[in-house]
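These are the residues of each chain, in order.
Number of protein chains: 2
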Amino acid sequence: MSVLGIDLGGTKIAASLFSETGKQLSRDVVALEQRTGKEVGYLITDLALKSMRNSESPVTSIGVSVPGIARTKTGTVWAPNIGGWEDYPIVQELEAIAGNVPVSIDSDRACCMLGELWQGNARGCKDAIYLAVGTGIGAGVLIDGRILRGAHDIAGSIGWMALDKPFQNKYIACGCFEYYASGDGIAKLTRELLAMDSEYVGALRDYPFDRLSARHVFDAYEKGDALAIRVFDECIQYWGMAVANLISIFNPEKIIFGGGVFGPALKFLNSIQDEARKWAQPISMTHVKFEPSGLHGDAAIYGAGFLALQKMSQQ
Amino acid sequence: MSVLGIDLGGTKIAASLFSETGKQLSRDVVALEQRTGKEVGYLITDLALKSMRNSESPVTSIGVSVPGIARTKTGTVWAPNIGGWEDYPIVQELEAIAGNVPVSIDSDRACCMLGELWQGNARGCKDAIYLAVGTGIGAGVLIDGRILRGAHDIAGSIGWMALDKPFQNKYIACGCFEYYASGDGIAKLTRELLAMDSEYVGALRDYPFDRLSARHVFDAYEKGDALAIRVFDECIQYWGMAVANLISIFNPEKIIFGGGVFGPALKFLNSIQDEARKWAQPISMTHVKFEPSGLHGDAAIYGAGFLALQKMSQQ
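Each protein sequence line maps, in turn, to chains W and P.
Quick note, this note's numbering runs 237 ahead of the 1-based positions in the first sequence.
Quick note, this note's numbering runs 237 ahead of the 1-based positions in the second sequence.
Careful: at least some of the hints might be erroneous.
Copies of one chain are not kept apart here, so a pair can be met inside one copy or by any two copies together.
The calculated lysine to aspartate or glutamate pairs, modelled on DMTMM-like cross-linking and capped at a C-alpha distance of 25 Å, are [stated by the list, open to error]:
no.: 1; residue 1: Lys363; residue 2: Asp324
no.: 2; residue 1: Lys425; residue 2: Asp462
no.: 3; residue 1: Lys407; residue 2: Asp511
no.: 4; residue 1: Lys310; residue 2: Asp381
no.: 5; residue 1: Lys515; residue 2: Glu471
no.: 6; residue 1: Lys287; residue 2: Asp265
no.: 7; residue 1: Lys548; residue 2: Glu332
None of these hints come from the bench; they were simulated from the model.
Model the full structure from these sequences, guided by the hints.
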């Protein structure tokens, strides 16, 4: 037997068959290409059918990672970046094509945590946190072996963490932590500093101001650019404070750093740990380990596979 | 049958028998009077024996609320304010006198949460948070009907929440949030402002500077004192930010406000909600209810009783 993991991302859908022991047996990818609503649903069900047909052993469970809120009670999804996915019935659609095979969904951050638990750097953990820093920021939280969901499946929205008073209106759209320390935040903060510093003539002036991205700031940092260093000094403070708060609140065994920004920001892990140590509950701080993702871009699809496996073993 | 709840506090120990339906059948209290180490242990076992002897029906389970870390795996307690209680084997001592009756322990903040769940304002909840603001600050967190413990029973240490950068050395002893917004913090902040404001001649000058307490600041606030208003405006910001962070992270149904400060600070609940609304994940914010403790000073002892009842039903 095998299970099917599907990772619905912002630009593509990936599907992989997994063995019970976590071996990735196949991998299919299809681009979203601006599709919306039911078109995305068809793409997913087609991909699932194809994977199931190509599987050498019967597929006994399907798990889906979604970029938004996975409403586990109704089996519907709110995905802000896919048009028409305010409350999309993806579980029902997959069940309709999959026969008696159970279908489970969870948010991408929860799936990344589950992926790391199954085959990544959280193996053997009961209490761990996957910190996802990419375009946005979120956390998948494992508590005594179970995923933290909250009353309405919105738990782990740590991009909204309040870290610097007083409140400023610029936090309204995405929250204070995400405003400063996400991939978008890094670019935004750099533009703010560039706009204020007319005397700066460094590497960051070489990039088009409006299309400046976190990647450019990382590149400038590598060249020793003073403004880029200033930006990351700020970010390290925010990452350290946010991680400290997670440590004081959850007393986890591990924090796993993932997402596009970690990635290149993994070089700051020691500095983030130093910053967190100032703020966090001191006993919890001594017990926690900081680790990079072991699965990188594959954490969510592994997690979707593990979600499927867990569902099966519950039945 | 009945269960026995014991609440070990900072200055006294209380013991109550409870019926299965949550009726408080008795209440005994004994003062700690500077006792330390084994003397405190004797006091607890004596009180337990007395309660069990006086019970009209057999006592089938014992729960204890402790002011510190309840190490549930070893049954030992770290209570910073009781001398010699770095790792005190209270479960073993109670088991020795109680025969085959099971003994459970948990932290006071966890017990307060359980008390509210059983007989207070969190009845019927699966996801709720008890925010305890007294001399210090902590939180009891209920997730899908279970208490959040963490890897080493230190979860919920929210007094350490980082809320205002940059880090200042004065946060080292107790954490940023507790530094500003606990009972001690209110007094400390007031003293800081009094020391800086030589022109202030209001009601707060009537109290001895070194023994100024939160209670005095609340009294001055009632008289319209400008400095007291300033202190609570600060606190409301911190309480609002911290509560917002709990809402974004946990997506709870309810936040229950308890401890000595809530109490008189319950009059600020609407202002705290307004502040939290600015920062928190907006969907989670619309779903959460803010409520005062329904059990006040009895939350922990009810929780100890419920802990006992839960243990019994697991066996």
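Now the hints, each set against the structure:
Proximity of Lys363 and Asp324 under a CA criterion of 25 Å is satisfied inter-copy only: 24 Å between copies versus 31 Å inside one chain copy. For the identical chains of this complex, Lys425 and Asp462 are intra-copy neighbours only, at 17 Å inside a copy versus 42 Å across copies, given an alpha-carbon limit of 25 Å. For a Cα distance limit of 25 Å, the shortest separation of Lys407 from Asp511 across copies, 17 Å, qualifies, whereas the shortest one inside one copy, 28 Å, does not. Taking CA atoms no more than 25 Å apart as the test, Lys310 paired with Asp381 passes in both settings, with 21 Å inside one copy and 13 Å between copies.
Both within a single protomer and between protomers do Lys515 and Glu471 lie at most 25 Å apart by alpha-carbon distance, with minima of 15 Å and 22 Å respectively. In the homo-oligomer, the alpha carbons of Lys287 and Asp265 lie at most 25 Å apart inside one protomer (9 Å), although the nearest pairing across protomers, at 69 Å, exceeds that limit. Taking CA atoms no more than 25 Å apart as the test, Lys548 paired with Glu332 passes inside one copy only; the shortest distance there is 14 Å, against 39 Å between copies.
Checked against the numbered hints above, the structure violates none of them.
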